[in-house]
Each structure stands twice: as structure tokens, then as C-alpha cells.
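Q: Sequence:
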Amino acid sequence: MTADYKTVIRQKHASNLDKIPAEWRLKYIPSPEEQQEVEPYIEPFLSSKELWITNVSALELLKNIKSGQLSSLEVCEAFCHRSALVHQLTDCLIEIFYDRALQRARELDAYFQETGKLVGPLHGIPISLKDQYNLKGITTSLGYVAPHISKELECVVSQKTPDEESLLARILYDAGAVFYVKTTVPMAMFGSETSSNLGITKNPFDRRKCPGGSSGGEAALLAGKGSVIGMGTDIGGSIRGPSAQCGLFGLRPCSNRFPYLGTSNSYPNQSIVPSVAGPMCRYLEDMEYVSKVVFVARPWFQDARVPPIPWRSVDLDTINVGFMHWDKIVMPHPPILRALKHAEASLQKNGVDCLDVEPPLNHAEMATFLTDIYTCDDFAEIKRFAALGGEPLPELLVRMFQLNGKVSDLEDIFKKVGQKYQYQQTYDKFWNDTAKHTKNGKPVDCIIMPGWACTSWKIGENYKIANIYTRFLNVLDYSVITLPVSHVRDTDEPFERTDFAGDMDRLCWEYYDKEFYRGMPIVLQLVCRRYEEEKCIALAKKLLPIIRD
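Numbering follows the UniProt record's numbering, in which position 200 of the sequence shown is assigned residue number 200; successive positions increment by one, without gaps.
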């Protein structure tokens, strides 16, 4: 007889706790109300060396490993320790395999001692993985209970073979990376909160708040400095939303630019608006570095969907920047508006040609279009996989089920393919037409806009904050990077509004509370056109020092 799903969950939680060394287990875990921020609580449990290791960039760690100042084992132990502490306060980990990671680090150290060389460009760098990336011997559960019941059910739910591995993970491993944890996701990776029957992940800046979703476990771990580089995925904002809520750099590449082969997903063959893989980092330099590592491996020879485009250099002699302060659907909260105004004024002061733009299409309509694709089978797959574990559907998904309720036929699917193409053509024409309004007669190189309409929200209240600012970009398939630029301040006062664009606008605006949001990170999106990941990063490197406030 199959175990009750609650029993399976209790066993999983106990198993994860057992994998944390006794000396790393917190004797007392305060409530989110009692202790909101993670970092000041966990720092006393870490040595000065562990604090240094977990605060610097991956490139700095590599430099020290190469010089012999640090061993891979020291780096691995520091991130294992800190990730264990962050997890106990945020519930951000679903798979913990420290023993395996430490053995890998010892092998890397032995190789370095014998040869004086690094295994590869990521030698000894711990990398965390969202719970979609497959590794031999490690469960992939996609936020469901069933995979924790048996290996057979895991293969059914994650739609993989028992020993399947993600190509992206293999590329990183061959470059010397050390995998040590997999991070939490909502059931089926659906939703802008990372909650499921398995648990609720909290934001390390304020544990009362949500870290976003669906890469929320990854974002929480990175923001808590329990990771230096993580790999997420994005189909409607699942990299960018958590990056916005947790103050991170997140890259949403164009579809298939990073290999997805061997990575599990809900509706894995849905290709109208596909999920994309991409890095999430605390340091911009690390994002560029790890991206180059992936492309040097020429993944297009192993994943037929990856276009054969190597990493390219970018010429940024002159820059034109568009600014979309709001989309006329949901006005961002005052701190985000302040950050946008500061960014534009700072660029203009530095001689950058800036242009205010307004959406050529209704982004709410495009978000609905994307939801229709998500729900094209009336959630039959999700209901089936939840039933395999005997678990109820989380409230987060129940709300989504109410948005559609019909099964699309082939004719409807074909229409959606055509509709996406029309959206893309309209937006591309709008982008080309910006050349009529720039000083050098060239289109804008990028558009800077809100990363989200707010900096976060109270856990369980995602329905009050529409994720309008990310989803339309998946439909367009543009390359996007998130930029942490500021924090909410005491001076970010609300102002009176009566001209709301609609209920979503009013609900979001009335949610703003300066006291509740104080200190939260403010993150903007820098949007480029398709297959311009290199340009995203190059522009970020050049513009970020100017626009940070």
C-alpha cells in the first residue's frame, strides 16, 4: 500500500535533516516574525574563512584555488555549511548530497596536487541546481510528492530514464564544477511562489516574504550566500522573478541558447513558448564567465535544438537605451519608479541617448495568451502526477485552474503559433521604429523596465501582484538580464493615485507599504532582442556602474 503523502513528506524532511551534519544543525529556529533576515542570524555560526569564501565571486575563488591559497575542499565545505544554515531558515533545498560533493572536491584537490593544473575552468566551484536538472543517483521531483515514493514514480513524473543526466549539468561538471544541492520549486514549476505540499520557501531578506518562483529555491539559496552560481529555468519569469525578489543577476536567454537536453520539465514537448535554461548569480562577472564555459563546450553538437552560435564579442561604441517606466497595466511601486528615473537621469548625464517608450501591445493580453498555452490540456498532466502521490493540489495551482478549464485542439494550437508570430512581428517593428527618435538614427540597443511591479510580497499573497512585466518577454523570446540597482528606502513614500488602469493596477498599488518593504532589493530588467545574450551582459557591465543608486 502506498504511504500517505504526509508521511512521505515527513520522511523526506527527516532524510534531509539527517544529511546535515549534527554540528551544523540549528538548535533553535526563530519564527519569520521573530527573525526576518537570514544573514545576521547565521553569520555567527560561520568561521571568518567560511564567511570570506561565501562572500566573494566565483572568479575570486578560482584565482585562489589556482594559486593554492584555497583548496576545493575548503570551498566546498564552506558552501555546504552555509547552504545548510540558509536552508534551515528558508526551506530552499529539496536534495542534499554533501558527502558526494566533498568527495568530488577531494578528487579535484588530488588532481591539482599531482599535476599542478586545474581540471577545467570551473575547477572546485560549487554550483547549485534547480530541481529540474537531472544527476545520476539524485532524485528529480519537480515539486511533487510521488518521486519521493519510488524510483519508478520519479521516472514517470520527471519523464526521464533512471540514469539520465542534464547536458548542461554534464558540461559544468566536466569543467570542474562541484554539485552539492538541488533547490526547491513549486509543484510542476507553476507559480510565482515556491510553495508545494513539500514545503514553503522563504525570502532570506525577509522570511515573511516570498522569494518568487519557480526558481525560488535557487534565488533564496543565492541571496543567503549559500551558493555563488546557480542554474534556473524560465518560461514566464521563473528566473527573473526570483532574481527580482532576491536581488540577483538572472539571465533569461533566447529559447534553446542554453541546452535543455536531459532536463526535466512539465509539458516537456510544448514548444510554442518553451522553457529556457539560464544562470543566476550574485556577481555579474560570474554570469559572463559561466555562460562562456557553456558555449565553449559547443552544446549544439549534442542538443539538436541548440543553434550553433558561439559566444560573440559586442561593439558598444554608441549606446541608445529605451526606458519603459510602466506598461499601462500595472504601475510599479514607488521605489521601482524611483530607481527607473534615477537610471535614466544618470545615463543622460553620462551622454547616453535615452528614449521613453510605451508598449505597442497589451501585455495583459500577452500574459493571458501564455496562460492559455500553460493550460492547453486543462492541467491533465499535473492532476495525474499529483494523484500518483495521493496529494491535493496546492492553492497556488487551484487558482490557476480557474483561468482556463478547456482542452485545446490542434486547430487552436496552430492559431497560437500564428498569434505568437504576430506578437513578435509587431514588437520587432516597434523596436525598429525607435531609430526614428534616436540621435544616431539607430534603434535602441536595449529597453530597461521594471523587473516586477513590486519588490516582493507576503507569502501566500501572490494573487495580489500580477507578473505582467516578465511573461510577455517569453512570448517575444527576447534576451533579458536582471540588474540589482538599489534597495527600498525610508524616502520611498507612496503617492495618491485615482486613475488606475484596472483592478490589477489598483490591487498592486494599494499593497505598497514602505515599512513592510524597507531594505528589500530593487531589480530592473535590461531587455535585448533575440539571441543577444552577449549584448545583455556587455550592456549590463557598462551601464550598471552608472545606474546603481
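Just so you know, these hints were derived from the structure itself, not from any lab.
For glycine and all other residues, C-beta sits at the position ideal for the given N, C-alpha and C.
Hints are not guaranteed to be accurate.
To be verified - Once the Cα atoms are required to be at most 16 angstroms apart in a straight line, the calculated EDC-like pairs of lysine to aspartate or glutamate come out as:
no.: 1; residue 1: Lys19; residue 2: Asp99
no.: 2; residue 1: Lys439; residue 2: Asp428
no.: 3; residue 1: Lys117; residue 2: Asp174
no.: 4; residue 1: Lys49; residue 2: Glu33
no.: 5; residue 1: Lys66; residue 2: Glu114
no.: 6; residue 1: Lys542; residue 2: Asp317
no.: 7; residue 1: Lys136; residue 2: Glu114
no.: 8; residue 1: Lys439; residue 2: Asp317
no.: 9; residue 1: Lys63; residue 2: Asp372
no.: 10; residue 1: Lys542; residue 2: Asp303
no.: 11; residue 1: Lys328; residue 2: Asp353
no.: 12; residue 1: Lys136; residue 2: Glu154
no.: 13; residue 1: Lys328; residue 2: Glu365
no.: 14; residue 1: Lys535; residue 2: Glu381
no.: 15; residue 1: Lys383; residue 2: Glu365
no.: 16; residue 1: Lys458; residue 2: Asp499
no.: 17; residue 1: Lys136; residue 2: Glu164
no.: 18; residue 1: Lys436; residue 2: Glu358
no.: 19; residue 1: Lys328; residue 2: Asp499
no.: 20; residue 1: Lys19; residue 2: Glu114
no.: 21; residue 1: Lys341; residue 2: Asp353
no.: 22; residue 1: Lys439; residue 2: Asp356
no.: 23; residue 1: Lys458; residue 2: Glu515
no.: 24; residue 1: Lys542; residue 2: Glu285
no.: 25; residue 1: Lys514; residue 2: Glu493
no.: 26; residue 1: Lys442; residue 2: Asp315
no.: 27; residue 1: Lys341; residue 2: Asp356
no.: 28; residue 1: Lys535; residue 2: Asp317
no.: 29; residue 1: Lys406; residue 2: Asp372
no.: 30; residue 1: Lys66; residue 2: Asp109
no.: 31; residue 1: Lys12; residue 2: Glu154
no.: 32; residue 1: Lys27; residue 2: Glu50
no.: 33; residue 1: Lys292; residue 2: Glu154
no.: 34; residue 1: Lys341; residue 2: Asp549
no.: 35; residue 1: Lys151; residue 2: Asp174
As the list claims (entries may be wrong) - Label pairs and their computed distance ranges (CB to CB):
no.: 36; residue 1: Pro545; residue 2: Asn432; range: 25 to 31 angstroms
no.: 37; residue 1: Glu33; residue 2: Asp428; range: 44 to 50 angstroms
no.: 38; residue 1: Gln424; residue 2: Gln11; range: 44 to 50 angstroms
no.: 39; residue 1: His437; residue 2: Arg298; range: 37 to 43 angstroms
no.: 40; residue 1: Ile546; residue 2: Arg208; range: 31 to 37 angstroms
Q: Given the hint that Lys542 pairs with Asp317, test it: the Cα-Cα distance must not exceed 16 angstroms.
A: holds (11 angstroms)
Q: Verify the proposed pairing of Lys439 with Asp428, using a straight-line Cα cut of 16 angstroms.
A: Given pair Lys439, Asp428 is violated - Cα atoms ~20 angstroms apart, limit 16 angstroms.
Q: Going straight from one Cα to the other, do Lys49 and Glu33 come out at no more than 16 angstroms?
A: violated (30 angstroms)
Q: Measure nothing beyond the straight line between the CA atoms of Lys514 and Glu493; if it is 16 angstroms or shorter, mark the hint as holding.
A: holds (7 angstroms)
Q: Are the Cα positions of Lys27 and Glu50 separated by 16 angstroms at most?
A: violated (20 angstroms)
Q: For Lys406 and Asp372, compute the direct alpha-carbon distance and say whether it is at most 16 angstroms.
A: Distance ~9 angstroms between Lys406 and Asp372 Cα, so the pair holds.
Q: Is the straight-line distance between the alpha-carbon of Lys117 and that of Asp174 16 angstroms or less?
A: holds (14 angstroms)
Q: Can you confirm whether the C-alpha distance between Lys383 and Glu365 stays at or below 16 angstroms?
A: The given pair, whose Cα atoms are some 26 angstroms apart, is violated under the 16 angstroms limit.
Q: Take a quick look at whether Lys542 and Asp303 sit within 16 angstroms of each other, Cα to Cα.
A: Given pair Lys542, Asp303 is violated - Cα atoms ~32 angstroms apart, limit 16 angstroms.
Q: For a C-alpha distance cap of 16 angstroms, please report whether Lys19 and Glu114 respect it.
A: violated (31 angstroms)
Q: Are the Cα positions of Lys136 and Glu114 separated by 16 angstroms at most?
A: At roughly 28 angstroms apart (the allowed maximum being 16 angstroms), Glu114 and Lys136 break the hint.
Q: For the pair we were handed, Lys341 and Asp356, check the Cα-Cα distance against 16 angstroms.
A: At roughly 11 angstroms apart (the allowed maximum being 16 angstroms), Asp356 and Lys341 satisfy the hint.
When the structure is compared with the earlier hints, violations turn up for hints 2, 4, 7, 9, 10, 11, 14, 15, 16, 20, 32, 33 and 35 and for no others.
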